[in-house]
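Engineer: Take a look at the letters that make up each chain.
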Amino acid sequence: MKITRRGFLKAAGGAGLAVAAGTLRWPHRVAAGPSTTLRLLGHSAFNEDSDKAIAKIGNDFAAQHSAAFAGDFIDQPEVAAKLTAEEQARSGHDIIDLQDNLPTIHKDYLVPLDDVVADISKQFGNFYQVAKDSGYVDGHWLALPWIGNGTLGVYRADYFGQVGEQPPATWDDLLRAAGKLKKAGHPVGLPISQCEDANSILFPLLWSFGASVADAKAKLTLDSPQTRAALSYVRKLFSQMDATVLSWDDSGNNKHMLSGRGSYTINAPSIYLRAHREKMPFAPSVRHTLAPSGPKGRFFYADIHGWGVFKFSPNIDLAKQFLRSMFTEASQKTALTLGSGYDMPVLPHFDQNPPYAPDPNLRLLVGFMRNAHLVAYPAPPSALAEKAYQTYVIPNMFAKAVQGASDKDAIASAVTALTDIGYMK
Amino acid sequence: MSSREEILHQRTTAYGVRLRPETVTAWSFLLPTLLLLLVLAVYPLGYAFFLSMTDAQVSGPAHFVGLQNFVRLLRTAIFTLTLSNTIWYTLGAVAAKLVLGLVLALVLAQRAPGMRWIRGAVLIPWVVPTSLAMLAWTWMFDSTYSVINWVLMHLGAIAEPIAWLGTPRLARLAVVLVNVWSGLPFFGINFLAGLVTIPQELYEAGTVDGAGPIVRFRHITLPLLRPVLATVLLFSVVMTSSDFATVFVLTKGGPQNTTQILATLAFKLGLATGDLGNAAAISLYLFPILAISTYVQVRLMRRVWQW
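Taken in order, these protein sequences are the chains called A and B. So the first sequence is numbered by full-length UniProt numbering: it starts at 1 and just counts up by one. So the second sequence is numbered by full-length UniProt numbering: it starts at 1 and just counts up by one.
Just so you know, not all the hints are guaranteed correct.
[As the list claims (entries may be wrong)] Estimated spans, in silico, between C-beta atoms of each pair:
| no. | chain 1 | residue 1 | chain 2 | residue 2 | range |
| --- | --- | --- | --- | --- | --- |
| 1 | A | P314 | B | G60 | 18 to 28 angstroms |
| 2 | A | K219 | B | G60 | 15 to 25 angstroms |
| 3 | A | D359 | B | H154 | 51 to 61 angstroms |
| 4 | B | L152 | A | D359 | 37 to 47 angstroms |
| 5 | A | T419 | B | P223 | 47 to 57 angstroms |
| 6 | A | G422 | B | P44 | 20 to 30 angstroms |
| 7 | A | P360 | B | L152 | 51 to 61 angstroms |
| 8 | A | T419 | B | F287 | 49 to 59 angstroms |
| 9 | A | G139 | B | A77 | 34 to 44 angstroms |
[Claimed, not checked] Pairs of lysine to aspartate or glutamate residues, derived as EDC-like cross-links and limited to a Cα-Cα distance of at most 16 angstroms, are as follows:
| no. | chain 1 | residue 1 | chain 2 | residue 2 |
| --- | --- | --- | --- | --- |
| 10 | A | K132 | A | D114 |
| 11 | A | K183 | B | E160 |
| 12 | A | K320 | A | D115 |
| 13 | A | K182 | B | E160 |
| 14 | A | K183 | A | E165 |
| 15 | A | K236 | A | D172 |
It should be emphasised that the hints constitute simulated quantities derived from the structure, not laboratory data. Positions of the beta carbon are idealized from the N, C-alpha and C atoms, including for glycine.
Let the hints inform the model, and build the full structure from the sequences given.
Structural biologist: Encoded structure:
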């Protein structure tokens with residue numbers, strides 16, 4: 001049959017009009033059945049097996065429910081941006097990764113998961129408080145806590161041995177060792193830059209000196225003698241580190257240690273795991289210890305990741321079923337085994353026998369969540385805390401101080417930044 | 001029998017509108033483009049204007065606040081720093097690209113063996129995907145594995161690595177350098193296109209009259225290149241002031257927000273923390289200035305600089 005140009009245009013135009021008028025319909029997603037795809041948005045973990053664990057649990061669930069599973073894993077800092085974009089479009093993933101303050105920020109778009117959490121808690125007990133701080137918003141569970149990432153002191157036992165030092169238990173121990181290690185050509189390194197690792201190290205450092213950004217009512221408390229003491233300490237420590245710590249991104253301290261130059265940093269277990277996985281010659285010397293304690297004790301920051309379900313998802317019931325399936329003994333074993341200690345349980349029940357516990361370097365993480373806090377601590381999670389985190393107010397305060405600003409100026413600039421964000425004095 | 005035009009005229013006059021077939025054809029050709037512009041440019045811009053005049057957060061109701069966001073932002077330290085960064089970044093990068101682009105075009109205009117290949121190769125930085133190029137630059141400025149530091153340390157020029165992206169001055173220099181590197185080919189090739197349209201007779205006449213290379217450049221090349229210069233400048237000011245990838249990949253606005261520019265701050269506040277009203281205001285801050293300068297430049301190009 002000969003198709004003329006005019007005929008083709010008429011047919012195409014007619015079809016377009018018919019679709020627009022609703023006479024014809026595009027094939028669309030159905031609520032259940034083989035054509036249903038459950039779409040999950042997660043962060044791409046430094047430990048790549050963490051993503052594989054979620055994909056495995058997802059694919060197993062999909063196979064049992066005649067559905068398909070599609071997991072998208074993107075860089076952590078871009079997850080929040082993706083959520084906002086999808087909310088504006090009212091379209092996107094069904095299940096989404098919500099870190100720390102995000103359930104509070106995105107609460108209008110999230111399906112309450114009280115029934116899911118009740119079922120899980122009935123079987124396995126209550127979640128850790130830090131996990132509840134993140135997921136429980138305005139009287140409802142808007143995110144189902146999934147895992148927590150914590151930080152440990154990562155050190156080279158051989159370098160510490162060479163300078164006659166033990167792994168540091170306190171910040172003063174670290175400072176004493178740092179001078180010797182710098183002379184030996186293996187400086188310690190903590191990021192003082194605009195990256196997440198800097199936030200996750202410098203907030204607990206502040207807390208351990210008795211300082212905090214705000215009190216429990218979110219009123220500013222940063223301008224304090226305790227903050228000055230923390231600034232003074234970091235100035236001294238910085239003088240024993242490479243100046244490049246001011247430019248590090250989240251991979252900076254990993255590279256510092258894995259290049260063989262660095263002797264100590266604070267990080268998630270990714271450095272230890274990679275050194276061992278790739279059988280690096282110095283892997284046996286890479287060890288973990290708890291992060292140092294300060295005058296007011298030892299504090300931990302935990303990065304809590306939970307799962308939320310969008311209200312505009314066409315698969316809300318299926319998504320809830322999937323979330324329940326993530327909290328079975330088998331699913332948790334998969335997640336914690338592949339998570340290799342990088343991912344820690346948010347339910348004390350699964351701390352009883354974590355698969356990574358036989359490794360003494362990872363065993364330190366057992367029960368980590370019990371004493372961990374979110375960055376908003378001691379205030380509850382909020383959009384303000386997220387803005388302070390995202391605009392790196394605290395790392396920038398320390399960066400100013402180590403580059404010559406007085407305590408007064410460094411704190412004043414941070415207080416200005418915090419009040420600009422919306423904190424009340 | 002009536003002609004086709006007469007019939008159409010009779011039909012349309014009943015509605016008081018005269019539709020000539022040429023008009024219908026012209027609009028039918030224009031319509032797809034207009035629809036695309038409406039959906040992809042006018043609607044997002046209009047929505048951004050709307051958001052900028054509200055206190056919209058990603059969750060919760062939005063209230064109309066007029067120009068309050070624009071006024072309040074000027075009182076915040078991070079915004080004033082960002083605005084000043086954006087202006088200096090744009091001025092520095094565009095000025096460097098302008099001067100170097102002109103030099104590049106003059107070199108590429110020469111007849112030499114292999115010049116066609118060289119002209120093609122010059123375009124590479126411009127056609128390489130921005131994020132990939134930025135990652136390569138990130139590696140070159142990396143604190144641990146920087147090739148620049150490696151060379152300098154092996155030459156004995158430095159004792160310990162330089163924090164290229166860790167000190168305000170070096171980081172600002174780095175982001176401008178990378179922007180110039182990626183944008184220079186656009187300037188060079190456009191200037192080259194302008195150069196080859198200048199009639200050779202003018203240069204020959206100038207030479208006969210005793211004009212040297214500098215006089216010929218000043219009195220023949222520059223005046224006749226002005227329309228191209230203006231167009232390229234216009235595009236570059238708009239593109240550089242709204243640049244995102246260079247800063248986002250290279251420094252994320254650090255250190256201490258000294259390389260933060262409007263696009264990256266708007267991204268941080270709007271998309272990452274859900275402060276949609278302020279983020280829209282930030283991203284629209286330069287809009288009036290750019291719109292007026294574009295209008296003036298286009299008028300000048302049409303009225304004064306035509307030749």
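Engineer: For every hint, state whether the structure bears it out.
Structural biologist: Structure-based check of each hint:
For P314(A) paired with G60(B), a C-beta distance near 25 angstroms keeps the hint of 18 to 28 angstroms intact. Between K219(A) and G60(B), the C-beta spacing of about 22 angstroms keeps the proposed range 15 to 25 angstroms intact. At roughly 39 angstroms, the beta-carbon separation of D359(A) and H154(B) lies outside the given 51 to 61 angstroms, and the hint is violated. Distance hint check: the CB atoms of L152(B) and D359(A) are about 40 angstroms apart, consistent with the given range 37 to 47 angstroms.
For the pair T419(A) and P223(B), the beta carbons lie near 54 angstroms from each other, so the given range of 47 to 57 angstroms is met. Between G422(A) and P44(B) the Cβ separation comes to about 27 angstroms, which falls inside the hinted range of 20 to 30 angstroms. Restraint check, P360(A) to L152(B): a C-beta distance of roughly 41 angstroms breaks the suggested window 51 to 61 angstroms. Taken as a hint, the range 49 to 59 angstroms is violated for the pair T419(A) and F287(B), whose Cβ atoms sit roughly 27 angstroms apart.
The hint said 34 to 44 angstroms for the Cβ distance between G139(A) and A77(B), and at roughly 36 angstroms that hint holds. Between K132(A) and D114(A), the direct Cα distance comes to roughly 12 angstroms. Compliance with the 16 angstroms bound is thereby established for this hinted pair. The straight-line distance between the Cα atoms of K183(A) and E160(B) is roughly 12 angstroms, inside the 16 angstroms bound, and the hint therefore holds. Distance check on the hinted pair: K320(A) and D115(A) sit about 9 angstroms apart at the alpha-carbon level, within 16 angstroms; holds.
Taking the CA atoms of K182(A) and E160(B), the gap is about 11 angstroms. The hint holds against a cut of 16 angstroms. As the CA atoms of K183(A) and E165(A) are separated by approximately 13 angstroms, the hinted pair is consistent with the 16 angstroms bound. The suggested pairing of K236(A) with D172(A) holds, with an alpha-carbon distance near 10 angstroms, which does not exceed 16 angstroms.
When held up to the earlier numbered hints, the structure conflicts with 3, 7 and 8 and fits the remainder.
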